[in-house]
Each structure stands twice: as C-alpha cells, then as structure tokens.
Amino acid sequence: MTRGFPVLLAFVLSIGIGTLAFETDGFRVVTSAGARQLSIERAPQGVPDAQLVDQDGTPFTLADYKGRPVLIDFIYTRCPTICTALGDDFARLRQLMGGTRAHAAIDLLSISFDPTDNRAALRLYGDRFGAKAPRWRIAAAADQRARAALLHSFGVVVIPDGLGGFIHNDAVYVVDAQGRLARILDSDAPDRLLAAAVQVAAP
Amino acid sequence: MNARLLAAATGSWLVLWLPPIRHTLESDMVLHMAVQVPLLIMLGVLVAVVARDREPRWLADADWLGIPGIVAVVLGTSFWMLPRALDQAVSDPWADLIKFLSLPLLVGVPLGLSWRRMPPLGRAFIWANFIPKLGAIGGLYLGAPTRLCAYYRLDQQELAGWTLIAIAVALGMTWFFAAFVGWTPSCAKQSPRRSGGFLIAAVGGN
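If you're matching them up, the sequences are chains R and W in order. If you're matching positions, the first sequence starts at 1 in my numbering and goes up one per residue. If you're matching positions, the second sequence starts at 1001 in my numbering and goes up one per residue.
By construction, these hints were calculated from the structure, which means they are not laboratory data. There could be a bad hint or two in this list.
[Unchecked claim] Quick list of the computed label-pair ranges, beta carbon to beta carbon:
(1) Ser14(R) - Gly1122(W): 43 to 49 Å
(2) Gln144(R) - Phe1125(W): 50 to 56 Å
(3) Gly1011(W) - Ala142(R): 44 to 50 Å
(4) Leu1140(W) - Pro6(R): 33 to 39 Å
(5) Ala1170(W) - Pro160(R): 31 to 37 Å
(6) Pro1093(W) - Phe11(R): 25 to 31 Å
The beta-carbon is built from N, C-alpha and C at its ideal position, and this holds for glycine as well.
Throw the hints in and build the complete structure from the sequences for me.
Structure (structure tokens):
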C-alpha cells in the first residue's frame, strides 16, 4: 500500500457516488419519469402556446385556460388499454367534480398524439366517456410542430407497441391557474387524483 | 501485435458507434443491457490488457489490491443499470457518447488493470456479490408492474429480467462447480495463454 491508495480510493468513491447521487436526484428516483415528476414539483414550468382543435372542431390553445386549472392526459383514440383506463378515470373525476367551487373550477383535457385521430375519432372517444367541450375537451394538435412541442414540453414519450398501436406515459398533468405545468400525478384512484389536483390547482 | 489489438479495439468501438448498429442494439432492452454494454466494457478490458506494460508506476502502486479499480467498476456498472441512464442514452446522443466513453475507459480499463491485483478471496467476494445482484435486478424488472424505461416496452422489460436471471444462474452454476466439484473455468486458470477465451482469460488470469 502506498500513500496514493487512500487518495485514489477517495477520488473514485467521491466521483462515483457523486455521479450516482446526481443521476438519482439524491437517491430518490431511478426512472426518467420519476426524475421529471420531482423536477416539476420543485419548479413548475410554462407550457407551449400550441394550437389545438377539440372534438367540436373548435380551435384553442392552452393559454385559453389561464385562470382555470386544467388536468391533462395524453391518449390516442384507438388505444385499447391505458387510454381506456385514463378515460374511465376522467369520467369518474367528472362525476366527483361539481361538488365544491374548487372542483367546479377544474377543466379536463385529453390530448391525442396520434396524427390519424381526426375530429370524428375524437368525438367518438369523447362520446364513449360522456366528455363535453369545453369542460372536458378531447383534442388533437393542429399540426406536427404543435404536437412535437406539446409532447416535448410535457415530457411524453410515445413508442410503437409493435402491434400498430402506441405505448406512452399514463400520468395526469396538472396545469395550474397561472398556466404552468405544476404537478405530474400517477393516474390513480379518481378521488385521490381529484384531491391531489385540487390541492395543486386551486389551493 | 499490441498496436494491432489497439486498432482492433478502436475499430470495434467505431463499428458499435455506427448509427445503424447503435440504434439496432439500443432498440431492444435486452440487446442494450446484455450485449452492447458488456461489449463496451470488454473493449476497455482489451485496451487495459494491451497497454498493461505502459501503466504508470504511481497508478499501479495506488491501486492497492485492485480496490480503487474494482470500486470504479462496481459504481460504473451500477450507474449504467439505472433505468434513467438507459433512457438518456437512448434519447440523447451526447448521453450515449458519455456511455460509449465511460464504459470502456472507467469500467473496462480499471477491470482489466485491477483484477489481476486482487487476491483470490477478493475476486470471489466480487463474484459472490455480483451474481445475486444480477439476479435481484432481474427479479425487480420481472416484478415491476409499470415500465421503468420510457423507451422500452413492458414485454422487453420482462425479457430483460429473464435474461439477467439466466445470466446469474449460468454464472452461479459455473462457480458452484468451480468451488465444490473442482472443475475450474478457463477464466480462473493460472495461465491465461493456454485457455481459450483471450478476453476472459485476460480478466481472470494472473
């Protein structure tokens, strides 16, 4: 053993453990979704002013919601699994809402990332869950650039499922009254989701 | 000879970096974790074996019993097993370049240099830690109800879990026979030149 040994060992340990701590946000997260959840919670961020079109053909942007918190999920209408569960969650949320003023102030928005989802498809998906604009819009980005901006800004990753469909994040995104993405919630039991959303969106 | 091996290692590195090959190996979780990552580490081991004679004296002295080196190997491999790190490597070419540099240079080279300095019991300790860890991570992947990587499907994640468990079982069996039956795998033999796998021999041999 030389005097260099403790120096080299301390060097390797500090660099190695420091890098691991950095990558895991202090040993709290191991997934990219978890890291993003944490960073949004710490520092809410603005959302893009991308052009969207809802199931009635009405154009709008996220800026139009300013002053009203909105819960957003990302879907595609042909989706047989996650999106159906997300749709059920939002439908149940709709029922739970309307009680208090805080609940009534929250809007829902389902954004399709599938370029083949036309207005008829959006309307059909909305009808399945009883969604009515403007309180619950089923919308698609107006063009490819708006879609890319939305997915990038919300951190939604869409990959092919190998069967002609897609696999994607199933989180619920809370944009607060100031128009900032303030929280990313795990899609969960609707009552718990609502409680969390009310707390974040309309404190 | 040495120059040729170094050229071969550099050439292999460049081939692995070629976009079609890189994207193919990273398109699947199993190929990424069980093929690309080990290959990058092995390239580093190869470089260490070739350049062993040129290792600076102070490094050889400071790497007492190979401890700092093997710590670098354990921490480096742990880093690239994080789902977040794999996601970043897939989505960001710069993160991928960091992976392509750190796995050979900060994991492979220390492994190639430090392994022969470690006492046999130290090597056994590393194996005895590594094998259950591999199996446990495989079990985590199998048991996770949700996707851990944003860029990989759940079925790929399950297959990756089974692959890690299979590797752990294969390694465990090998070392079981080595320890209890007396059959010695080529990578534990004393003279690396006579054994088949050059790379493995280089890691394991004295």
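Against the structure, the hints:
1. Ser14(R) - Gly1122(W): 43 to 49 Å: violated (22 Å)
2. Gln144(R) - Phe1125(W): 50 to 56 Å: holds (55 Å)
3. Gly1011(W) - Ala142(R): 44 to 50 Å: holds (48 Å)
4. Leu1140(W) - Pro6(R): 33 to 39 Å: The hinted range 33 to 39 Å holds for Leu1140(W) and Pro6(R), with Cβ atoms some 34 Å apart.
5. Ala1170(W) - Pro160(R): 31 to 37 Å: Given range 31 to 37 Å: holds, Cβ gap about 32 Å.
6. Pro1093(W) - Phe11(R): 25 to 31 Å: About 29 Å separates the Cβ atoms of Pro1093(W) and Phe11(R), which means 25 to 31 Å holds.
Going through the hint list in order, the structure does not satisfy hint 1, though it satisfies all others.
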